[in-house]
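**Student:** Chains as they are written, first to last, in numbering that gives the first Met the number 0: chain S, 0 to 154; chain C, 0 to 174.
I should point out that these hints are in silico values taken from the structure, not numbers from a laboratory. Among the hints, a few may not be true.
[Said to hold, decoys possible] No farther apart than 16 Å at their CA atoms in a straight line, the calculated lysine to aspartate or glutamate pairs in the EDC-like style are these:
{"#": "1", "chain 1": "C", "residue 1": "Lys35", "chain 2": "S", "residue 2": "Asp85"}
{"#": "2", "chain 1": "C", "residue 1": "Lys102", "chain 2": "C", "residue 2": "Glu47"}
{"#": "3", "chain 1": "C", "residue 1": "Lys98", "chain 2": "S", "residue 2": "Glu64"}
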Amino acid sequence: MARLLVLLAALACAPAAWPKEAAPAAAEPALEARVMALSSELRCLVCQNQTIADSNAGLASDLREEIREMMRQGKSDRQIVAFMVDRYGDFVLYRPPLKAATVLLWFGPLLLVLIGIIALFRRLARRHRAEEPPLAPADAERARRLLDGGGTEAR
Amino acid sequence: MNRFVLPLGIFAVLVALLGIGLTLNPREVPSPLIGKPAPHFDLPQLGEPGKTFSERDMLGKVWLLNVWASWCVSCREEHPVLLDLAKSGAVPILGLNYKDERKDGLSWLQNMGDPYRLSAFDFQGRVGIDYGVYGVPETYLIDKRGVIRYKRIGPVTREVLKEQILPLVQELERG
Numbered sequence: 000m001a002r003l004l005v006l007l008a009a010l011a012c013a014p015a016a017w018p019k020e021a022a023p024a025a026a027e028p029a030l031e032a033r034v035m036a037l038s039s040e041l042r043c044l045v046c047q048n049q050t051i052a053d054s055n056a057g058l059a060s061d062l063r064e065e066i067r068e069m070m071r072q073g074k075s076d077r078q079i080v081a082f083m084v085d086r087y088g089d090f091v092l093y094r095p096p097l098k099a100a101t102v103l104l105w106f107g108p109l110l111l112v113l114i115g116i117i118a119l120f121r122r123l124a125r126r127h128r129a130e131e132p133p134l135a136p137a138d139a140e141r142a143r144r145l146l147d148g149g150g151t152e153a154r
Numbered sequence: 000m001n002r003f004v005l006p007l008g009i010f011a012v013l014v015a016l017l018g019i020g021l022t023l024n025p026r027e028v029p030s031p032l033i034g035k036p037a038p039h040f041d042l043p044q045l046g047e048p049g050k051t052f053s054e055r056d057m058l059g060k061v062w063l064l065n066v067w068a069s070w071c072v073s074c075r076e077e078h079p080v081l082l083d084l085a086k087s088g089a090v091p092i093l094g095l096n097y098k099d100e101r102k103d104g105l106s107w108l109q110n111m112g113d114p115y116r117l118s119a120f121d122f123q124g125r126v127g128i129d130y131g132v133y134g135v136p137e138t139y140l141i142d143k144r145g146v147i148r149y150k151r152i153g154p155v156t157r158e159v160l161k162e163q164i165l166p167l168v169q170e171l172e173r174g
């Protein structure tokens, strides 16, 4: 009986132990959609391979709240992104801006492809230029026979 | 023989680049705030909730703003260094108690010693966001005109203090 009581008491307490979810925001679905869209473009500083939308870290939820607050104040996405970059640098952006320091980042892959294409063409050209060795008389005769004889080789 | 030179060369360059990559700390994000005025705040003090503290109170002085919390593990590592620095009187240290409970912060200082002139109490972490705080402890060196000149992410060690912070403090004091 005592055991049953303990079990019941434990069950009664269980809801308090449920993990906390991100603050519910069903009241303003449109706003929330905007918050999530923008925050999935921003890197969480604490857990660097997650976006602010994905992360459960304390800082990420604070920043989501900050974004929500700024959107309520009517700030544009651009203004909010500028707010983040002012504080954490370009690092927060999953799409880095195109500027002198990031030229290699943006065009590096294209450069590599170009180098590959140039190398390929040079190689092909070189192979083309190399002369084919002349056919031995016996092989030439065999080839002529194959071509004339509809593909069957008489043995 | 010749055909191995190019792939081997590329491999060597790749190894060198990856090797350099290993020595970098990906958690250290260069702060865009360096060289910019310290963001304004006006917060209640940790010890005396009735009084406030603003970064403007420190204009005309070179000072350190150290972000700390009782829940922060690395702050324990850093604490003896700050206590010694406070004792030496080389530069005033002001605390920003970040996302902490007031009683936890106060008892932490009571148990571990208090290196701070005072600590501002940033319960919600809003000031932390303005300062781009993402990993406590963080330390800012602010000059006489209220411009952030240096930021340390992670605990201040004796080496960092001796080689980076104190020389810069001396330079800024003269300027």
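**Student:** None of the hints should be skipped; say for each whether it holds.
**Tutor:** Tested hints:
Restraint check: the Cα-Cα separation between lysine 35(C) and aspartate 85(S) comes to about 10 Å, which is no more than 16 Å; the hinted pair holds. For the hint linking lysine 102(C) to glutamate 47(C), the alpha-carbon distance of about 12 Å falls within 16 Å, and the restraint holds. For the suggested pair lysine 98(C) and glutamate 64(S), the alpha carbons sit about 15 Å apart, so the restraint of at most 16 Å is met.
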